Structure formats: C-alpha cells, structure tokens
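If you want the building blocks of each chain, they are given just below.
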Amino acid sequence: MWDAAVAVGDRNRDVDDGCGCDGPVLLRLTGVTKFYSGVPALAEVDVAFRAGEVHAILGENGAGKSTLMNIIAGALPPDRGEIAFAGRRVPAMTPESAAALGIAISYQHPAVLDDLSVFENLRVALPARLFAGRPARAVARDILGIMGLDMPLDARGETLTVAQKQRLEIAKALALQPKVLILDEPTASLDQDATDILFRRIREVSRSGTLVIYITHRMAELRQIAHRVTVLRDGRVQGGARVDAVSDHDLLAMIVGRALGATFPPKAPPGAAATVLAVQGLSGRRFHDVSFAVARGEILGIAGVAGNGQSELMRALAGRQPAGGTMILDGQALRPRDLARRAAFMPSDRHAEGVAAGLSVRENASLAALAKFATGGLVSRRRERDAVDAVFDALAVKTPSLEAPVLALSGGNQQKVVLARALLAAPALIVADEPTQGVDVGARAEIYRILREAAAQGTPVIVNSSDAAELEGLCDTVVVLSRGQVVATLTGAEVAEARIVAAAVGAETRVALGAPRAAPASRLRHLVQADNAPAVPLALVIIGLALYGYGQNSNYLSAFNLANILALAAALGFIALGQTIPLLLAGIDLSVGPLAGLLVVIASFFVTEGQGVAAMAAGFALMATTALAVGAINGLLIRFARFTPIAATLAMYIGLQGCSFLLRDGPGGYIAADVVAVINAQIGPVPVAFLALAAVAVLGEIALRKTRAGWWIRASGGDEDAARRIGLPVARILVLGYIGASLLVAIGAIMLMAQIGVGDPRQGINYTLSSITAVVLGGTSLQGGRGSFLGTMLGALLLTEVLNIVAFLGLTQTYQYVFQGALILIAAVVYAAIRGRGADREG
Amino acid sequence: MAARADQPLQETRQRRRHGAPLARGFLTVLAATLALLVLCRILAPSSLTAGALAGSLPFAAVLAIVGLAQMLVVQQGGFDLSLAGGVSLAVVIATHVPAGDSAELPRAVLLALACSVAAGVLNGVLVSVLRLNAIVATIGVNALIYGGVFAVSGGVPRTTTPLLAAIAGGETLGVGNALWFALAILILVALILKKTVIGRRFEAIGANPLAARAIGLAVRRHQITAYVAAQGLYVVAGLLIAGITKEPTAFQGDPLLLPSVAVVVLGGTSLLGGRGFPVSTVIAAFFLTQLSQFALAIGVPYSAQTIIQAFALGLGIAVYSLRLPKGIKKLIKPLNTEERR
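So the protein sequences, as listed, match chains A and B.
Residue 35 is where the first sequence starts when you use our numbering, and the numbers rise one by one after that.
Residue 420 is where the second sequence starts when you use our numbering, and the numbers rise one by one after that.
None of these hints come from the bench; they were simulated from the model.
None of the values given here were measured: they were computed from a predicted structure.
Any given hint could turn out to be false.
[Stated by the list, open to error] The calculated lysine to any residue pairs, modelled on SDA-like cross-linking and capped at a C-alpha distance of 20 Å, are:
#1 614/B / 439/A
#2 613/B / 869/A
#3 406/A / 636/B
#4 614/B / 423/A
#5 613/B / 411/A
#6 613/B / 416/A
#7 406/A / 613/B
Based on the sequences and whatever the hints tell you, model everything.
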C-alpha cells in the first residue's frame with residue numbers, strides 16, 4: 035500500500051493510481067510549471083484530485099502551495115502544463131471560468147474589504163442568485179451561520195478580528211456550494227471552536243461529493259480531516275499518500291531535506307563564550323514573554339510557521355516597534371531609543387522596506403552611515419565611495435557601477451546592498467529578517483559568510499527565517515515561536531531542520547494572545563463610523579449657522595437670500611458630487627472646475643436668445659459628449675497610461691482652460707432668458723435646481739449603499755487588490771467612475787450657466803478647489819473607499835452658507851477665507867480622528 | 420570586515436568612478452529647450468531680443484523658484500496648494516507693511532519669513548503628524564493664508580517700495596537680479612540636496628519612507644522641513660514679484676500654482692516622491708516661459724498657449740511614465756507570489 039501510494043521523487047506516476055476507493059477524478063493537473071522571473075515556483079506538478087475527498091497539500095513556506103492554488107483558481111496562468119476538469123481540458127483558467135466550473139477559494143489573506151460592511155462584503159463577492167427569492171439579510175445571516183459567526187451585518191470589515199475575517203472568507207466560499215473548495219491555510223488564525231466548526235463543514239461537503247483541497251503545514255490537522263495528502267517541496271511533488279497509510283515520520287521526511295546547494299560557514303566553536311546580548315521577558319504586539327541569550331560569536335535564529343509573531347519580534351529587537359521587557363547588550367540595559375540607533379535592521383520585504391527604488395546602488399548602501407563620511411554636514415563623495423567600494427569588495431556585490439539604479443541588480447545583490455548598508459553603519463546588533471528571501475544560491479552562501487564574519491567580530495546577529503534548513507546550517511541557537519510564544523530553544527546538535535520543523539509544526543499552543551480581540555463594536559459605534567454619519571452634525575451646523583445669521587440680521591432667512599444660497603449650492607453641489615466619485619476611487623479630478631467652465635462656454639454658443647429648440651438640444655448634447663470624452667480620457671490616462679490622477683487631471687485642467695479661451699477670449703454669448711428662467715425656477719423659496727441636487731444626492735447615496743455599482747466603487751477604491759481577487763473589473767470601474775464624475779459636472783455646469791448667464795472663459799476654475807473642500811467637509815476620505823454623496827451635498831451647502839454669511843454680516847473677506855480654511859482643516863482632522871485607529875498602524 | 424581586496428572582483432564590477440549617468444529628464448528638458456530656442460530663432464526672432472528677454476526672464480526666474488519649492492514638497496510625496504497663498508502673502512506684506520517707505524522693508528521681510536515658517540510648520544504637521552492628505556491640508560492652509568493676505572491688504576494693490584524695486588528689478592553685470600536670485604537658490608538647493616547629509620537623507624526618505632523608517636531616520640521631521648523650506652522660497656518669489664511688478668495685486672500667487680507643478684513634472688521629479696531634479700526643474704521653468712513667449716510672438720492667442728502647455732505637460736509625463744510599467748510590475752509581482760517571496 036505504502037509503496038504504491040507514495041512515489042517519492044517519481045513525478046510520472048499519478049499519486050493515486052491503484053487506489054480507486056474514492057470518487058472519480060474531478061480535477062487533474064499535468065506537468066504544471068510556473069516561473070517567477072526565471073526561478074521555478076512549480077516544476078512539472080502532476081496531481082489528481084477526486085470528487086468527495088479532502089485532499090491536503092502539505093509543504094513548508096515557499097514550497098509552492100499558494101502558487102498551485104492560484105493556478106487552480108485561475109488567478110495565475112501556468113507557464114506550462116494543463117488543467118483538466120471532469121475529464122475535460124481547460125485551456126486557460128480565469129477567475130471567471132473557475133467560478134463557472136464551481137471552484138471556490140478561501141484565501142489565506144482574506145479578501146474582506148475593510149470599508150464595506152459584512153453584509154456588503156457578502157453581496158459584492160457572491161453572485162446575486164444566492165440572494166434571490168428571500169430577504170437578502172436573512173440569506174446573509176444564514177451564510178454567517180455556516181461558520182458560526184455571530185456579528186452585526188452592518189459591522190464594517192475593518193472592525194473584524196483576523197480570525198473573524200478568516201471565518202467570513204471561508205463562509206463566502208462555502209456559501210457557493212462549490213464542486214471544488216480550496217482552503218488556503220484556513221486555520222492559521224482560528225481558535226479551537228472555529229476550527230471544529232470548519233472541520234464539521236468540511237466533512238459535510240465532502241460527504242456530499244465536493245472536492246476539498248486543503249493547504250496546511252500542520253500535520254495534526256491533516257490527521258483529523260484529510261483523506262489524502264500530496265507533499266510539495268521546492269515546487270515539486272515529493273509524493274502523495276492516503277493519510278491513513280502514511281506515518282508522520284515519512285511525511286516529515288518528504289517535507290524536509292530540501293537541497294540547499296549553498297554552503298555554510300563553520301559555526302562558532304562550542305564553549306562558554308560570554309553573553310553579549312540577553313533578552314528577558316520581551317512582549318509586544320503578537321509575541322509574548324520571549325527570552326534568550328546570544329553568546330559572543332553566535333548567530334541566533336528565530337523559527338516558526340510564518341505569521342506566528344516572528345516579524346513583530348524582529349522589529350521589536352531592532353527597536354522599530356515598542357515592546358516591554360529588557361534587553362541587555364554588553365552588560366548595558368538598552369532603552370528602545372538607543373536600540374533604534376545602534377541596531378541595524380534588515381527588513382524581510384526588500385521591495386517595500388529594504389531598497390529605495392529610484393536611488394543608485396551607492397546611495398542605497400551609504401544611507402545609514404552618511405554622517406560618517408561628512409565633514410561639517412557636507413558628504414565627501416570620495417570617502418563615501420571608498421567606503422562603499424571597500425564593503426562591496428568584502429561582500430562581493432556584483433553591480434555594473436556604483437551609480438547603477440538599485441533595481442537593476444539581481445535580488446541577491448540587492449540584498450547584499452541592504453546588508454552593506456547595515457555593516458557600514460557599524461551597528462552594535464544586526465537583526466536580519468529573512469535575509470536570503472528571493473536570493474539565488476551563490477549569493478546566499480555569501481550572505482551566510484558575511485553574517486558569520488560579523489558575528490565572529492563580536493556583533494550579535496539575529497536571523498529570522500522560514501527556511502529551517504537554512505537555520506540549521508547558519509545558526510548556533512534557534513528559538514522556535516508558535517503563536518507568539520517560545521515553544522523550543524534548540525542549541526548545539528539540536529539545531530537540525532527536522533527538530534525545528536517538528537517544533538514549529540507540531541506545536542499545539544492554542545493560547546489566545548490577550549491583546550488583539552477587540553471589544554465587540556457597539557451599535558452606536560457603527561453609527562458614528564458610518565460613511566454618511568457626518569450628515570447629522572453637518573446638518574446641525576448648517577441650521578445653527580443659519581439661526582445665528584438670522585439672529586444677527588433677520589433678512590438672512592428671507593426668501594430671497596435663501597433662494598440665493600440654495601441656487602449657488604446647487605451648482606457647487608453637482609460638481610462636488612462629481613468630485614466624490616474619483617475620491618471614492620482613491621483618485622482625484624482636478625479638471626472639474628475648468629470642465630464646468632468650458633461647458634458653460636460651449637452652451638453660450640447654442641443656448642442663446644433666438645436659437646431654435648434643435649440648436650439648443652444640440653448644445654446640450656455637445657456638453658454631454660464633451661463631458662463624456664473628458665471623463666474617458668482622464669480614466670484611460672490614469673488606468674492605462676499610468677499617469678498619477680493628479681498629473682492626468684492637471685494636464686486636463688490646463689488643456690480645458692485653454693479650450694475655453696480658444697472658444698471665447700472674453701465674456702460673450704448671453705444664455706437664453708427662457709432657459710435661465712426654467713433652471714432658476716423656484717417652488718416657494720426653494721430653487722428646483724437644489725431639489726434636483728438633493729434628489730440626485732439621495733439616489734446616489736442609496737446606489738452607493740444598496741447597489742452592486744456602489745459596492746464596486748467602494749470596494750475597488752478601498753482595496754484594489756482584494757477587489758480584484760473577488761473578481762471585480764477594477765479597470766472598467768475606474769474609467770466609468772471618471773466618466774460618471776464628468777457627467778455630474780456637466781449637470782453642475784447647467785446650473786452654473788444659469789447663474790453666470792454668459793459664456794466667460796474665466797469662470798469655473800475655482801470650482802476645483804471648492805469641490806474638493808465640499809467633499810472633504812462631507813466626510814469622504816481621500817484614501818478612497820469611504821464617502822457619501824449626501825455628505826458632499828451638505829458640505830457644498832455649508833460651504834456656500836459660510837461664504838454667504840460672511841458677506842451678509844458685512845465681515846471682510848479675511849473672515850471668508852479664514853472660515854473656509856478652518857472649516858476644511860477642522861473637518862479633516864475630526865474625521866481622521868474618528869476613523870483614526872487602525873488607519874495609523876505604521877505610526 | 421576582513422579585507423578581501425585581492426579577489427578578482429574588479430573584473431565583475433567595473434566602476435564608473437565619475438559622474439552619475441545623466442538623468443533622462445535632464446536630457447529631455449534640455450533638448451526640448453534647445454529645440455524651442457532654435458524654433459524661436461527661425462520663426463519668432465522677436466521673442467529672443469534683449470527687450471523681450473528682459474521682460475520675460477524675471478518671471479521665468481520666479482517660476483523657477485516656486486518650481487524648486489514645489490519640487491521639495493513633491494519629493495516627499497506631497498503637494499503644496501498653499502503656494503498661491505504663500506507667494507501672495509509675501510507680496511502684500513512687502514508692499515503694504517512698508518507702505519512705500521524703504522526703511523521699513525527689512526521689518527516686512529522678517530514678518531514675511533515668520534509667517535512662512537508658521538504656514539510651513541502647519542502644513543507639515545497636518546500632513547506628516549496628523550496624516551491628512553496633502554491636498555486637503557494645503558487647501559485649508561491656503562485659505563488661512565489668504566485670510567492673512569486680506570487682513571494685510573484688504574484686497575487692494577499698493578505700489579512697491581523703491582528699495583525693493585531696485586533690488587528685484589535691477590541689473591547686475593547686465594543680467595536681471597531676479598535671475599541671480601534664481602541661480603543662487605538653484606545652487607543652494609542642488610548643493611543641499613545632493614551634497615549634504617540632510618539632503619541625501621531627505622531624498623532617500625522621499626524615495627521610500629518605509630525603508631527610511633526601517634533604517635531609523637526621522638521621517639516626519641524631514642517631511643515637515645520640506646513644507647517649511649517651500650514656504651521660505653515662496654517668500655523669496657513673492658519679494659521678487661513685489662519688486663518687479665509696479666503695483667502687485669493680492670492674488671499674484673494664483674497663476675503660479677499649476678505651472679509650478681508642471682515644471683516639477685517636466686523636470687522629471689515623480690509625483691510619487693523620491694529623487695528631485697533641481698537643474699531640470701529650473702530649465703523646465705525657462706522652457707515653459709519661453710514657450711509662451713514664442714506663442715505670443717507668432718501671434719497665437721492666449722488660449723492656444725495654455726493648450727500647448729497642457730500638451731507639453733502631457734508629453735512630459737508620458738515620457739517619464741513609459742518606463743514606469745516595468746518598475747510597477749516589479750513592485751506588484753511579489754503580491755501574487757506570497758508563497759515565493
């Protein structure tokens with residue numbers, strides 16, 4: 035049985051040939067290969083998955099598991115090989131075709147949108163058919179029930195804990211009743227109860243014929259839930275077996291033992307060297323009570339399954355993140371401030387935090403040590419270059435020149451540049467987080483050598499690595515973390531890959547870390563944090579201000595003045611509604627003001643006294659077409675020519691202004707009085723235009739909350755990557771968003787036309803800044819994803835009111851500007867404070 | 420580190436010891452400017468006469484200075500809309516406070532500088548400590564500054580002091596003083612950015628604030644400095660305008676705002692932050708000014724000029740964006756390759 039089932043190293047044999055005890059093969063991968071920049075992530079992977087089985091994929095970090103799942107789900111195209119579903123070859127799997135075939139995936143990093151409520155997250159990610167026939171909220175509650183989730187449907191995504199998000203993610207996949215259910219590390223953040231629920235669900239669906247592909251690196255779980263297991267190592271299938279026919283020992287043998295190919299420098303000689311660094315009871319975010327000591331000449335390794343607090347611990351050790359406990363270096367207790375100054379930190383994410391793209395190799399290398407090359411603040415280029423040269427020689431950095439852009443180097447050499455930066459600063463402690471990630475074999479050996487040399491010279495070195503074999507070769511002591519706690523401290527001969535992996539994988543510490551579980555958000559809190567919550571205080575301020583004005587001068591609330599304010603607010607309001615959409619999409623449209631101006635100028639040629647209805651209609655049609663074209667160009671430039679929104683719409687701003695002047699070099703073309711009268715019509719003291727604004731704002735608000743289009747805008751503005759993963763057409767949404775913005779501006783231009791009454795190329799441009807002001811007052815965040823049309827309308831009204839009241843009370847223009855400035859700043863600061871928490875993680 | 424100089428590394432790494440490769444932006448802007456000058460020579464020689472240049476160059480110098488200021492902010496990934504207010508405030512302080520009395524000018528300059536520091540610190544704190552969006556923060560601060568402009572001026576223009584007119588409008592060695600000011604500021608900015616510890620850190624923080632924080636640099640302090648320095652340069656620009664223009668209005672800064680961003684972009688500095696190109700920015704300022712002069716000389720109406728500017732800007736951005744996709748791809752890739760990292 036064992037022989038037949040396990041085909042270690044033999045890729046040509048189907049792993050489950052000769053074991054026909056399960057259902058028919060539902061999904062078969064043949065020769066699937068995927069490269070990332072020349073490095074194979076998956077090589078010739080053959081696996082057959084059967085209907086009704088729970089098939090575990092086991093392997094270490096970097097073994098290729100997630101890549102494999104992304105290929106099955108259509109998120110990544112394979113470079114070679116084919117996928118067959120139910121015996122039929124699928125030529126090119128896409129997220130859509132995968133969904134159509136009934137493949138559902140629950141991602142390791144949940145695609146839960148922070149800016150949307152739980153209910154909206156379900157609606158936007160799941161097909162409409164699931165909600166048909168019954169009240170949608172009841173359906174949503176049932177879906178939450180699948181994973182035993184009990185939380186308000188209106189809770190915002192960001193208020194959920196990581197575990198809740200994970201459960202939501204799994205529930206979304208289960209709700210689809212898929213034929214193939216892919217679960218990528220589903221239990222990484224779940225507690226025992228949630229894990230039990232999950233396992234119950236997995237057993238149910240697999241009994242009803244669903245294929246469950248279960249990715250994990252916990253062997254204990256495998257035993258509980260899986261029927262069959264396939265082991266990946268270095269992107270290759272190491273073997274497969276029925277779970278009941280394979281021992282832990284054999285599985286472990288398949289997981290570990292990867293060929294490193296890199297040689298390690300000799301370790302520190304055993305013996306009682308003095309302790310250089312002592313860490314006692316260090317606790318912080320996601321790690322707890324960590325203690326260890328590093329002797330002179332030693333390299334200490336931190337191990338564990340990814341996401342068990344290692345990264346946070348590394349940051350704390352380097353003084354980059356606050357932590358409690360003591361650190362004693364060379365017999366001296368260190369304060370965090372000293373630590374930050376004296377420790378060199380090599381971050382794991384080289385692109386995000388390691389190198390400064392756009393700067394040269396030299397500039398990157400010397401950055402931390404600049405002061406050493408300077409006299410009186412002036413950097414000596416010669417001393418800098420000599421020092422960089424010397425350290426590059428020692429590190430064998432391969433670069434075409436010191437002035438080459440750092441991104442032109444290979445990953446390994448980029449990492450050496452980061453290492454060179456650390457060494458040049460002559461640190462008292464080196465903290466290296468995943469120092470060989472994405473580094474080729476040759477460079478790895480060099481990095482090991484450099485770290486060892488630094489240690490030998492008395493600088494304590496701490497290395498975090500998800501590669502146990504690397505830790506075995508490099509480190510003198512290894513501390514294994516699980517769920518933020520030390521589960522093993524291995525020294526001497528114990529520092530062996532198998533021991534490290536066994537400690538990390540086998541650990542069953544399910545101790546909840548006290549901190550992260552947030553208090554259940556109260557209903558009041560949801561209300562205060564709702565996107566349209568600013569409407570209430572805004573309305574109160576508007577009313578209060580009006581009453582104050584009335585108290586000062588009873589004519590303030592006269593029908594005439596009221597109509598005046600509301601009419602002005604209508605024009606600004608529509609333009610600001612337009613501005614709201616790009617801001618919701620995390621962009622901006624600087625061209626709204628000149629566009630409104632241009633449209634009025636266009637109207638001044640057609641919509642004038644003596645023109646027939648046809649000419650006027652043509653004029654309005656031309657206005658709409660122009661707006662459409664402008665919006666489309668903005669969107670296309672941003673999306674496909676990769677202009678930043680500011681750059682694209684700034685160029686558009688200048689161009690549109692030019693067009694206005696091209697058409698008219700001064701005021702001219704009086705708008706037909708009849709048309710003005712229609713637009714300025716009033717019902718009592720209220721202009722029809724304002725009623726139209728209110729109607730559009732309310733409808734827009736409802737669309738934003740209750741329709742798919744609204745969820746799409748908020749989802750792709752708030753988190754584009756997650757939006758793409760749940761299958762939203764983000765590019766189309768963005769372009770259509772800018773078009774929608776321009777069309778709303780066109781309506782605003784019609785209001786403006788009636789107010790100015792003449793085509794004037796100088797009018798309109800001020801609306802760019804006032805529209806942004808109105809939107810910000812209305813509570814829309816410039817980070818995207820959050821905002822409210824209703825708030826924008828009230829913001830426009832408040833802004834108009836403030837400008838009006840200053841004039842009405844006979845205050846100078848000074849007050850007009852100061853009020854305006856103070857208003858926007860106070861609003862921005864208050865809204866930021868209310869949202870605050872969470873948005874400011876990096877501090 | 421043990422010295423291993425004997426290793427045959429020199430073969431693998433030929434060092435180009437002198438000079439960074441010339442930036443693409445610099446070459447583009449320089450070529451465009453030279454082409455424009457040739458065009459002017461052929462089609463509109465009147466735009467290159469001493470008289471025409473004496474009229475236009477001081478304004479190019481002012482644009483260059485505010486362009487450098489905007490560049491400092493853009494380098495930190497920011498955007499300073501309060502440029503308009505900053506320049507206008509300096510203008511009105513320089514004209515209204517002395518009220519024609521040259522002896523009062525130094526007091527006015529000090530007052531303008533004090534205001535600029537306050538405005539810069541306010542901008543910087545709002546953006547980097549309170550984390551407001553730079554556009555929102557500087558719109559607000561701009562309005563506050565304009566409050567100051569009206570408090571000082573009441574919105575009416577006033578004749579400038581003779582002393583300032585002599586300093587800003589005068590000539591030294593046959594060249595307008597405004598140009599000397601622009602040159603001095605260019606040298607100062609370039610020197611500080613490229614040669615000093617502070618400047619080098621400043622650029623690195625702009626290029627990647629997260630990496631800078633990982634190194635342990637004071638990210639916020641440098642970001643605030645950018646806004647303060649920018650306001651300081653607005654004062655210089657405002658003083659020059661007050662000197663060059665006979666009766667400057669209260670809104671002298673407004674028409675400079677968008678061109679300031681345009682010259683920064685044309686100079687090759689990314690709106691996403693990072694390395695700055697002071698020399699290219701200044702050349703771009705002269706390019707943009709001469710482009711208007713050229714259009715004026717061949718009889719193009721004002722309207723078409725702005726359209727030409729928009730196209731120049733669009734083309735400029737396109738030139739720099741062309742290489743972006745590759746860079747972006749590199750940055751985005753790791754997202755999909757979680758497991759591989």
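Problem - List of violated hint numbers, smallest to largest - result: 2
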